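Per our numbering, residue 127 is the first one in the sequence shown, and the count goes up by one each step.
Calculated directly from the structure, the hints in this document are not laboratory data.
Do not rely on the hints blindly, as some may be mistaken.
[Said to hold, decoys possible] In silico lysine-lysine, DSS-like type, Cα no more than 30 angstroms apart, as pairs:
hint, residue 1, residue 2
1, Lys303, Lys202
2, Lys303, Lys313
3, Lys463, Lys313
Quick caveat: nothing in here was measured; it's all calculated off a predicted structure.
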Amino acid sequence: MPMPISLYNSFTRRTDTFVPLDPERVTMYLCGPTVYNYVHIGNARGPVVFDVLVRLLRRHYPRVVYARNITDVDDKINAAALEQGVEIGAITGRFTAAYREDMAALGIAAPDIEPHATAHIGQIIAMIEALIASGHAYAAEGHVLFDVGTYPDYGRLSGRDTDELIAGARVEVAPYKRNPTDFVLWKPSTPELPGWDSPWGRGRPGWHIECSAMSAAHLGATIDIHAGGVDLAFPHHENEIAQSTCAHGGEVFARWWLHNGMLTFDGRKMSKSLGNVLLVHELLKRHPPEALRLLLLRGHYRQPLDWSDAALAQAVSTLDGWYRVLRDLAHVGVEDKLPVPASVEAALCDDLNTPQALAELALLADAARQSGDAAAKAALLGGGALLGLLQQDPEAWFKRGEVAIDEARIETLLDERRAARSARDFARADAIRNELASMGVVIEDGAQGTRWSIQKS
Numbered sequence: 127m128p129m130p131i132s133l134y135n136s137f138t139r140r141t142d143t144f145v146p147l148d149p150e151r152v153t154m155y156l157c158g159p160t161v162y163n164y165v166h167i168g169n170a171r172g173p174v175v176f177d178v179l180v181r182l183l184r185r186h187y188p189r190v191v192y193a194r195n196i197t198d199v200d201d202k203i204n205a206a207a208l209e210q211g212v213e214i215g216a217i218t219g220r221f222t223a224a225y226r227e228d229m230a231a232l233g234i235a236a237p238d239i240e241p242h243a244t245a246h247i248g249q250i251i252a253m254i255e256a257l258i259a260s261g262h263a264y265a266a267e268g269h270v271l272f273d274v275g276t277y278p279d280y281g282r283l284s285g286r287d288t289d290e291l292i293a294g295a296r297v298e299v300a301p302y303k304r305n306p307t308d309f310v311l312w313k314p315s316t317p318e319l320p321g322w323d324s325p326w327g328r329g330r331p332g333w334h335i336e337c338s339a340m341s342a343a344h345l346g347a348t349i350d351i352h353a354g355g356v357d358l359a360f361p362h363h364e365n366e367i368a369q370s371t372c373a374h375g376g377e378v379f380a381r382w383w384l385h386n387g388m389l390t391f392d393g394r395k396m397s398k399s400l401g402n403v404l405l406v407h408e409l410l411k412r413h414p415p416e417a418l419r420l421l422l423l424r425g426h427y428r429q430p431l432d433w434s435d436a437a438l439a440q441a442v443s444t445l446d447g448w449y450r451v452l453r454d455l456a457h458v459g460v461e462d463k464l465p466v467p468a469s470v471e472a473a474l475c476d477d478l479n480t481p482q483a484l485a486e487l488a489l490l491a492d493a494a495r496q497s498g499d500a501a502a503k504a505a506l507l508g509g510g511a512l513l514g515l516l517q518q519d520p521e522a523w524f525k526r527g528e529v530a531i532d533e534a535r536i537e538t539l540l541d542e543r544r545a546a547r548s549a550r551d552f553a554r555a556d557a558i559r560n561e562l563a564s565m566g567v568v569i570e571d572g573a574q575g576t577r578w579s580i581q582k583s
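Construct the entire structure; sequences and hints are all you get.
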């Protein structure tokens with residue numbers, strides 16, 4: 127029997143043993159990107175962390191249905207399209223493709239379902255109609271708003287009462303609202319904006335209702351896990367709970383709420399005004415993707431994580447060490463079906479404790495280095511696989527990112543150097559080493575021969 131998985135539930139504020147509603151079909155929804163630009167590295171933390179959770183769940187349950195949405199209608203998208211004089215599809219198509227490529231580069235498996243908001247307008251309208259019919263929403267001046275006063279539990283997820291919400295929320299002041307905290311489900315579109323016909327006129331959905339409708343359409347009225355960044359807990363997730371619960375006759379919307387902490391940069395919040403927003407698309411050009419993934423897993427997912435050049439260099443160094451072990455054991459064969467070490471799995475079953483799992487992986491690397499046997503190598507690879515690490519060829523890791531390197535020329539020079547050493551022409555051998563160094567090639571002489579790798583700047 128697999129060990130139980132314990133997860134912290136942001137809604138109950140407790141860590142409990144995870145028990146799905148239906149063990150034959152575990153459902154999970156993660157709030158995806160609004161595709162109007164490249165995403166920054168903070169946006170990648172949730173997808174990386176919850177990718178590990180999905181890997182863990184798939185080990186324990188026969189079927190996991192994982193949805194991560196694409197928000198492809200939004201005021202930011204509209205603004206970008208108007209500025210560039212194109213349809214919103216030109217913006218969303220480009221950045222949806224870029225998002226998929228960036229996430230794949232980070233080792234994140236594609237979700238089972240990737241619903242797009244614009245493909246669910248019918249479901250969105252139907253949910254809004256149900257909310258109006260049950261007295262939880264009202265139409266006013268071309269808008270439809272959710273009536274927060276009809277849902278007594280509003281604010282429970284974020285732990286705020288209504289007075290705090292009114293004082294602290296960035297709510298649109300509008301004369302047609304019954305309550306200051308009422309939020310938009312549908313809003314009218316002017317001719318230059320995208321819109322769809324509806325019972326309330328041509329318009330477009332609000333952000334919050336999109337996720338509720340897409341989740342219900344693909345996963346059902348009640349889902350097992352809803353995940354996202356802690357910055358979404360209010361108002362987005364709070365509003366999702368209210369509208370989904372009321373649209374489905376009081377049924378629980380999500381049984382577990384998981385929130386990842388925010389990313390800081392050298393101790394400061396990432397923001398455009400500070401100029402420290404790091405785009406994943408750009409980072410991938412300069413750093414090994416696996417190092418980015420490792421760094422995002424270094425801290426516990428519920429805590430803030432500080433990003434720095436030093437931390438990234440340390441992640442590269444750590445992977446260098448682990449891949450060096452695997453390279454040294456390249457001659458040791460292992461079975462295709464890798465075992466998952468109990469120590470790594472136990473750490474992840476404890477509220478997705480990735481720092482502890484990485485510490486266990488380091489111990490497995492030490493054990494493999496010392497023993498050099500197949501079981502130890504397989505354990506290291508199996509533990510890495512559950513974390514989405516150590517799955518590439520070690521030689522590829524050490525020679526990464528160099529498309530202009532002439533490997534044939536390097537091998538020719540190494541052959542010449544071996545011949546010079548055999549002839550005890552050490553001056554020529556040293557000259558060849560220096561020539562290789564000028565090409566950015568570092569060589570290592572060992573019992574198993576000479577290996578080379580690229581010296582990273």
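*Assess, step by step, whether the Cα of Lys303 is no farther than 30 angstroms from the Cα of Lys202, and give holds or violated.*
Holds, at about 23 angstroms.
*asked:* For a C-alpha distance cap of 30 angstroms, please report whether Lys463 and Lys313 respect it.
replied: Violated - the C-alpha atoms of Lys313 and Lys463 are around 53 angstroms apart, more than 30 angstroms.
*Are the Cα atoms of Lys303 and Lys313 separated by 30 angstroms or less?*
Given pair Lys303, Lys313 holds - Cα atoms ~13 angstroms apart, limit 30 angstroms.
The earlier numbered hint that this structure contradicts is number 3, and it is the only one.
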